[in-house]
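Visitor: Sequence:
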Amino acid sequence: MDVNSIINRIKVYFNVMPDKDDEQAIVQQISSGVSFRGANLWVLIFAIFIASLGLNVNSTAVIIGAMLISPLMGPIIGMGLAVGINDLELLKRAAKNFSVATFISVLTATVYFLITPLGEAQSELLARTSPTLYDVLIAFCGGAAGIIALCTRGKGNVIPGVAIATALMPPLCTAGYGLATGHILYFLGAFYLFFINTVFIALATYCGVRLMHFQQHEFLSKEIGAKARRIVTAIVFVTMLPATVVTVHIVRKSIFDNNVRKFIKAELTQRGTQIISSDVEKDSLKLRIVAVGREITEGTRTAAEQRMEQYGLKGFHLRIIQGVQTDSILALNNQLTQVSTTREADRQQLLELSAQAASLSSTLDGYIRLDNLSAELRPELKALFPQVKAIGLSRIAEAETDTALQHRFVVALVSTGGSQRLAPADRKKLQEWLQARTEADSLVVVEK
-6 MDVNSIINRI KVYFNVMPDK DDEQAIVQQI SSGVSFRGAN LWVLIFAIFI
44 ASLGLNVNST AVIIGAMLIS PLMGPIIGMG LAVGINDLEL LKRAAKNFSV
94 ATFISVLTAT VYFLITPLGE AQSELLARTS PTLYDVLIAF CGGAAGIIAL
144 CTRGKGNVIP GVAIATALMP PLCTAGYGLA TGHILYFLGA FYLFFINTVF
194 IALATYCGVR LMHFQQHEFL SKEIGAKARR IVTAIVFVTM LPATVVTVHI
244 VRKSIFDNNV RKFIKAELTQ RGTQIISSDV EKDSLKLRIV AVGREITEGT
294 RTAAEQRMEQ YGLKGFHLRI IQGVQTDSIL ALNNQLTQVS TTREADRQQL
344 LELSAQAASL SSTLDGYIRL DNLSAELRPE LKALFPQVKA IGLSRIAEAE
394 TDTALQHRFV VALVSTGGSQ RLAPADRKKL QEWLQARTEA DSLVVVEK
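5 is the number that this note's numbering gives to position 12 of the sequence shown; each next residue is one higher, with no gaps.
The reader is advised that the hints may include incorrect statements.
[Stated by the list, open to error] With a cut-off of at most 27 Å between alpha-carbon atoms, the simulated BS3-like pairs for lysine-lysine come out as follows:
no., residue 1, residue 2
1, Lys255, Lys215
2, Lys246, Lys220
3, Lys258, Lys307
4, Lys441, Lys421
5, Lys441, Lys382
6, Lys246, Lys258
7, Lys441, Lys422
8, Lys279, Lys246
9, Lys275, Lys246
10, Lys279, Lys215
Just so you know, these hints were derived from the structure itself, not from any lab.
Input sequences plus hints: build the corresponding full structure.
Guide: In structure tokens, the structure reads:
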């Protein structure tokens, strides 16, 4: 079996022509859906109100309902069909009704957001202010599915799905919000998203009509036909360009953020340390890490900084804020430098909070120091006391009524691994050595 035979067999599965409905009936159906008068216009107005309410209260279900009600798909598909079959009269009528519908929609949304008591922008609304190349792909694929469904038998529930996926109503409502609140960038971003959806649904319709060989009207001359195709190509290119730039920026930022996460996980994560936050200052090429718990040593920091290039962070400097330098304590210090502008009671409270933070940090350092010291002592312990197989150090908190008697009390738990117990002389020698190394006021050796 040759390659042509295989291709012909595959074409059978993807050929939509056998399912194509009556062409005249399709054109008539799409043409009749272009008009925006009477009932259609009132349905559009109510759909806009519903979508605006959904955006206002951040309800996805309400927004989806508004998209299903909206009749906006009609003139957009009509424009795509008109370009596909070279019907200038249909194109003029569809463009006119589309312009009227768009104006009424933005006006209705603006009126709603001017009178609503809920003026805060929710996540569903803000999501429609930054279009990307992905919105282009969604609009094109949605439009392609829509025109195929309209032109074939057994349409099913494709058209409602296209209305939801391409989301024509929410951007118009967001544009109205931008006008009502004076956020021009919201208006521009949302209207651009609506324009993207319009252009690429129409483009998908145009491509579908051409691929399904709809009968075309003849232009008066070939030059007019060539000019029309150039205009369509220019509109598509100009529409895609800003979305492509935004998408490239988003992808680059996503890759950079992922590299930062990989770097922190691979180079700075250690037992007993928790990374609280990370902050990138791209202007000064600094990566600031805030950590608590076990201290990240200067050697670890230097080694990690030298490997930053492997994670796409070439030229960045690593700064680690930990212990008494954490953001909370830095915030307290900043507040203390401005006490001249605060009341005396506020200053006293800040001083107490700062003292508490320093005390907690000192206590934490004491426990972490013993944990680190246990690891450092193991090589020396093996040489000096080979019969000791394991050691653990713990600080004990003492309750003394007289604060002058409080001192550092450390317990050393040692194990000989089941061999003979330490001789009294060795035990005393071990105690004195450990007390000197731990700088404890008192140290007790417990053997198990």
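Visitor: Compare the structure with each hint and give your call.
Guide: How the hints compare with the structure:
1. Lys255 <-> Lys215: violated (58 Å)
2. Lys246 <-> Lys220: Violated. Lys246 to Lys220 sits at ~40 Å, over the 27 Å cutoff.
3. Lys258 <-> Lys307: holds (18 Å)
4. Lys441 <-> Lys421: Holds. Lys441 to Lys421 sits at ~16 Å (cutoff 27 Å).
5. Lys441 <-> Lys382: The given pair, whose Cα atoms are some 11 Å apart, holds under the 27 Å limit.
6. Lys246 <-> Lys258: holds (18 Å)
7. Lys441 <-> Lys422: Holds, at roughly 17 Å.
8. Lys279 <-> Lys246: The hint holds at about 16 Å.
9. Lys275 <-> Lys246: holds (11 Å)
10. Lys279 <-> Lys215: Violated, at about 60 Å.
Going through the hint list in order, the structure does not satisfy hints 1, 2 and 10.
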